[in-house]
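The listed protein sequences correspond, in order, to chains E and R. Going letter by letter, the first sequence gives residues 4 to 244 in this note's numbering. Going letter by letter, the second sequence gives residues 120 to 317 in this note's numbering.
Hint data in this document are derived by calculation from the structure and do not stem from the laboratory. The beta-carbon is built from N, C-alpha and C at its ideal position, and this holds for glycine as well. Heads up, a few of these hints could be off.
Rough simulated footprint, nothing fancy, chain R against chain E, three-plus residues with beta-carbon under 8 Å [to be verified]:
(1) 78 to 89
(2) 92 to 102
(3) 128 to 142
Facing chain R, from chain E, some residues (calculated, C-beta under 8 Å) [stated by the list, open to error]:
(4) G20
(5) T46
(6) I231
(7) S237
(8) V240
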Amino acid sequence: MALYRERGVVLRTYKLGEADRIVSILTQGRGKVRAVAKGVRKTKSRFGGRLEPTSHVELQLYEGRELDIVTQAESIDAHRHIREDLDRLSKAIVLLEAIDQLAQERQPAPQLYRMLVGGLSTLNQADSALLIPAFLLKLLAMEGFGPQLDGCVVGGPQDDGVDLVSFDLDRNGAVCLDHRRGVPIREESLSVMRAVLGGGLSTVLEVSAGPVTHEVDNLVGHMWEHHIERRLRSAHVLDRA
Amino acid sequence: MYEGPVQDLIDELGRMPGIGPKSAQRIAFHLLKIPTPDAMRLSEAITRAKERVQFCQRCFNFSEHELCLICSSASRQDGTLCVVEESRDVVAVEKTQEFRGRYHVLQGCLNPIEGIGPEQLRVSELLGRIDGEQITEVILSTNPNIEGEATAMYLARLLGPLGVMVTRLASGLPVGGDLEYADELTLGRALEHRRAVE
Chain E
4 MALYRERGVV
14 LRTYKLGEAD
24 RIVSILTQGR
34 GKVRAVAKGV
44 RKTKSRFGGR
54 LEPTSHVELQ
64 LYEGRELDIV
74 TQAESIDAHR
84 HIREDLDRLS
94 KAIVLLEAID
104 QLAQERQPAP
114 QLYRMLVGGL
124 STLNQADSAL
134 LIPAFLLKLL
144 AMEGFGPQLD
154 GCVVGGPQDD
164 GVDLVSFDLD
174 RNGAVCLDHR
184 RGVPIREESL
194 SVMRAVLGGG
204 LSTVLEVSAG
214 PVTHEVDNLV
224 GHMWEHHIER
234 RLRSAHVLDR
244 A
Chain R
120 MYEGPVQDLI
130 DELGRMPGIG
140 PKSAQRIAFH
150 LLKIPTPDAM
160 RLSEAITRAK
170 ERVQFCQRCF
180 NFSEHELCLI
190 CSSASRQDGT
200 LCVVEESRDV
210 VAVEKTQEFR
220 GRYHVLQGCL
230 NPIEGIGPEQ
240 LRVSELLGRI
250 DGEQITEVIL
260 STNPNIEGEA
270 TAMYLARLLG
280 PLGVMVTRLA
290 SGLPVGGDLE
300 YADELTLGRA
310 LEHRRAVE
């Protein structure tokens with residue numbers, strides 16, 4: 004049992020007893036950590052709004068057997084623009100849920116941490132129609148589910164250069180007209196996905212909302228369900244506003 | 120562990136929020152030890168509350184009648200609605216003695232990760248009240264946490280086009296607290312909405 008310091012992003016919180024919360028945090032060095040924040044729901048709590056989901060914080064924690072205890076919290080970035088804009092906030096919640104599904108308790112995941120911190124700060128700077136699909140696609144690639152987007156996934160190398168017209172979730176790749184199966188897809192959508200995985204993220208984030216962004220969003224959502232085998236519950240809950 | 124009725128009592132008490140097996144055991148033995156009329160009073164209070172208390176048809180606060188005391192009171196101002204998450208919040212606002220309008224209890228807040236969307240809350244009922252009761256101002260008094268803020272922003276978006284004034288409870292420093300412990304967001308908002316001292 005010892006004190007330790009960690010940087011982390013608050014993923015979720017759960018009410019505990021009268022005024023406490025359990026906070027689930029993705030830390031830089033220890034993976035997902037669950038800790039009790041005592042009295043955090045009282046208006047005079049010294050933690051204030053620092054331990055809310057999306058907050059990037061520097062923490063001091065006391066190591067416990069199952070749950071740790073938060074003893075101090077300092078903000079690194081409160082992501083104010085996310086907190087004050089419904090569209091960005093609902094996107095941020097999807098990022099948090101995706102990371103929560105992948106991160107394991109007390110299993111260091113520095114790459115996930117870097118992705119999340121980067122994703123949130125990008126979202127805090129500007130909203131983008133493709134932020135969520137781009138983030139999920141990168142996560143999928145990181146988990147070993149990167150799709151094949153060049154050449155037909157059924158026909159193989161001899162079909163290189165043919166037009167790709169659909170996407171097969173089982174084989175996780177684009178398919179040509181001769182072998183078409185799965186969901187139909189536009190060439191523009193495929194090039195957006197290639198750009199995400201090929202280092203062209205900044206240009207992708209400038210694409211404005213339209214049929215292509217909608218198609219990519221849908222497809223990546225299905226890929227997530229297919230490969231991670233979990234649904235992102237928070238996606239589209241607030242879309243009806 | 121124990122004989123039938125004792126164990127049943129412990130099990131039932133253990134279902135209460137925040138009551139673990141040990142506390143359940145302690146309360147059960149306390150109830151067995153106190154005089155029968157005292158224990159019966161508790162049992163009757165539970166029965167009476169469950170039989171009589173319902174949701175107010177208009178504001179969805181707990182109420183003994185079809186309309187709660189606030190909704191049926193003639194001395195409250197019409198036209199202003201204070202929207203809160205839970206019945207407990209009505210009590211908190213009432214204690215301030217600063218609000219004379221009426222309430223609307225959402226019975227929760229949006230929580231996308233838990234899959235709680237507007238359909239699970241009393242949102243359509245709120246929208247129905249705006250026209251029906253000639254509401255001119257809606258004060259969004261959801262909790263200042265992420266779920267409450269999301270709920271407030273969501274409602275503001277729905278209410279805006281209806282031509283009603285939508286306000287949000289101010290954020291700021293708690294009375295009696297220390298400035299150095301205020302988080303950046305709260306202190307930032309307190310600065311932004313500072314006011315002239317008269």
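Taking the hints in turn, this is what the structure says about them:
1. 78 to 89: Check passed, 7 qualifying residues.
2. 92 to 102: holds (count 6)
3. 128 to 142: Contact hint for the region 128 to 142 of chain E vs chain R: violated, 0 residues under 8 Å.
4. G20: holds, 5 Å
5. T46: holds, 5 Å
6. I231: Since the shortest Cβ distance to chain R is 15 Å, the answer is violated.
7. S237: holds, 3 Å
8. V240: holds, 4 Å
When held up to the earlier numbered hints, the structure conflicts with 3 and 6 and fits the remainder.
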